[in-house]
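Given the sequences, and given the hints that come with them, work out the whole structure.
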Amino acid sequence: MSYLEIKDLEISFPTPKGKYIAVRDINLSIRKGEIISIIGHSGCGKSTIMNAIGGMLTPTGGSVVLDNKNIKGPGPDRGIVFQNYSLLPWLTVENNIFQAVDSVMDCSKAEKHEIVIKNLKMVNLFQHKDKLPGQLSGGMKQRVAIARAFAINPGVLLMDEPFGALDALTKGSMQLEVLKLWNLNNREKTIVMITHDIEEALFLSDRIVVLHNGPASTIREIVTVNLPRPRNKIEIVKTPEYIELRDHLLHLLTDHFSIEDMGVTYKN
Amino acid sequence: MSNSTTATIETEEIVESYSLLNTFGKVIKKESLKNASIYILEKAKSIVFACIGLTIFCGFWSLLSYYTKDSLPGPTVTLKVLYEMLSDPFYDYGPNDKGIGLQLFVSIKTVLLGFSLGSLFAIPFGILIGASSFFKKVFYPIVQFLKPVSPLAWFPIGLVVFKDTGMATIFIVFITSLWSTLINTSFGVSTIPQDHKNVAKAFGFSKWRYLTKVVFPYTLPHIITGLRLSISVAWLVIVAGEMLSGGAGIGFFVWDSWNALSLEKVISAIIIIGFVGIIFDGFFTMIENKVSYKA
Ligand SMILES: Nc1ncnc2c1ncn2[C@@H]1O[C@H](COP(=O)(O)OP(=O)(O)O)[C@@H](O)[C@H]1O
Ligand SMILES: [Mg+2]
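The listed protein sequences derive, respectively, from chains W and X.
Numbered by this note's numbering, the letters in the first sequence go through residues 96 to 363 in order.
Numbered by this note's numbering, the letters in the second sequence go through residues 16 to 310 in order.
Since the hints were derived computationally from the structure, they do not count as laboratory data.
Hints may be right or wrong, so weigh each one.
So the derived label-pair ranges between C-beta atoms look like this [what the hints assert, rightly or not]:
| no. | chain 1 | residue 1 | chain 2 | residue 2 | range |
| --- | --- | --- | --- | --- | --- |
| 1 | W | Leu271 | X | Ser47 | 23 to 31 Å |
| 2 | X | Ile294 | W | His291 | 54 to 62 Å |
| 3 | X | Gly219 | W | Lys127 | 16 to 24 Å |
| 4 | W | Thr110 | X | Leu161 | 35 to 43 Å |
| 5 | X | Pro139 | W | Thr110 | 28 to 36 Å |
| 6 | W | Asn281 | X | Lys152 | 48 to 56 Å |
| 7 | W | Val160 | X | Trp223 | 27 to 35 Å |
| 8 | X | Trp223 | W | Glu330 | 48 to 56 Å |
| 9 | X | Ser147 | W | Gly234 | 37 to 45 Å |
| 10 | X | Ser47 | W | Lys164 | 57 to 65 Å |
| 11 | W | Asn280 | X | Trp223 | 25 to 33 Å |
| 12 | X | Ser147 | W | Thr110 | 23 to 31 Å |
| 13 | W | Phe221 | X | Thr227 | 23 to 31 Å |
Which bits of chain W does chain X cover? Going by a derived footprint, with three or more residues having C-beta under 8 Å, they are [said to hold, decoys possible]:
| no. | region |
| --- | --- |
| 14 | 112-118 |
| 15 | 186-196 |
Glycine included, every Cβ here is placed at the ideal spot set by N, Cα and C.
Below, the structure is given as structure tokens:
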């Protein structure tokens with residue numbers, strides 16, 4: 096059995112109009128150390144799947160098994176970067192991370208502070224450590240959330256659109272940071288991330304999971320990215336393999352979105 | 016606990032403005048000078064307006080006094096009596112003749128005691144009701160049922176239970192102080208955003224960490240609002256309560272002055288009661304502003 100096994104996963108929400116099935120028939124086997132991207136249109140159930148892995152949601156059908164243990168709730172083996180940062184507004188940047196580290200890690204106070212500082216420096220926020228989240232830009236908040244998830248040193252990193260609010264430059268350097276961290280840990284950390292960005296998915300991932308549109312969304316295709324690592328962002332885009340993959344993904348994500356499909360007719 | 020939270024937020028503000036000052040140096044100084052003069056102008060304006068209102072009020076008062084042929088004492092007579100009262104506030108000529116300062120002291124002590132006890136009960140209970148739908152279902156109907164009951168109706172019960180008028184007065188202040196704090200606290204707790212709860216869940220916060228780092232800081236502004244409303248009503252109630260209990264306090268003083276047919280003293284007491292009310296309210300408004308945070 097693989098490291099992280101999602102089997103016949105179904106998640107539905109009770110709504111006033113009855114049961115709303117967000118995702119169903121999700122089957123996915125993830126190896127230890129793999130980087131997986133989930134890609135799909137807004138509302139197709141990406142966050143839902145990730146929350147099931149994170150243990151924030153209980154599946155209404157099927158199971159999620161991590162390291163041979165059925166996931167029943169959140170745990171220190173998984174670090175989550177939420178889509179909306181989820182920082183506590185009354186705690187400083189430093190304290191936001193420290194509370195998570197203090198809660199999860201089993202070491203001395205001094206070591207915990209060291210971990211916090213190290214991760215703050217990694218996301219380039221050390222000089223902002225005494226600010227409150229309300230005094231940060233969206234991108235900075237996102238970096239705090241990333242630092243917080245990294246700081247607890249989890250085996251599985253779950254990132255829900257972690258670079259969505261970042262400008263192109265910061266985004267690029269954060270992507271490299273993630274890869275650096277992954278390499279430093281002998282590529283043993285498993286990363287599952289959600290993204291809207293095809294280029295980002297291709298640059299980072301081993302496999303890309305493309306979802307159908309909801310409701311009752313299923314997996315449309317799992318695309319394997321067989322590009323050699325380390326990948327050079329500038330060189331890689333010129334290779335025929337990359338171009339083929341990119342076109343294929345673009346096709347998967349946009350073929351229902353031609354102008355005719357949207358009911359627009361063009362008059363001469 | 017409340018102190019430490021306030022303190023961190025305060026230091027945050029200080030640190031922030033300090034670094035701003037460093038970065039922009041002179042610009043900020045000029046700005047703040049301009050801001051200060053605007054502030055003083057605004058304050059002066061509002062004082063002028065308040066004086067206009069006060070003058071109109073005193074005019075009506077004089078008129079009323081004139082038409083009742085001075086059986087309602089006018090502003091000047093009253094202010095003279097008020098001045099006399101305030102110039103020797105702490106005399107003590109036996110149980111029925113004490114200075115206004117001593118009476119006020121008794122009332123404030125009773126209010127603070129009853130209010131503190133009430134708050135100590137209302138805040139944890141409010142958190143409990145806000146956090147658990149079970150407790151809410153069980154206890155909220157009782158709260159809604161008892162809240163509109165005049166606190167004075169509790170006086171006889173207090174007398175029976177404590178067999179002491181002083182204790183009974185504290186008891187009614189206690190009851191009065193419960194409702195606003197309890198309701199505001201439970202509302203605050205029940206509106207904690209899912210995002211904040213997710214943080215606690217994802218990073219395995221212990222109950223204590225969740226309480227002190229999520230529930231309490233989020234709810235604190237709501238709690239302070241509740242406390243402010245509670246102490247206002249408590250201060251309302253104490254006057255009536257002391258009229259019932261007698262013996263001491265500003266309420267007793269009002270009643271006693273009325274029996275002695277000294278309306279000047281009654282009105283003077285009303286003015287003092289109003290001032291103390293403003294001070295209580297101002298104190299909690301100040302804390303309210305201190306603990307509110309930007310999301
Ligand atoms: N708590 C919930 N209650 C009801 N419906 C929900 C809930 N959470 C998500 N959904 C629905 O499930 C679908 C998938 O949501 P989500 O996983 O957040 O999409 P996305 O792919 O944009 O992350 C959406 O239609 C959303 O409205
Ligand atoms: Mg989402």
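Would you pick out the hints that fail for this structure and give their numbers low to high? Violated hints (numbers, rising): 1 and 14; every other hint is consistent with the structure.
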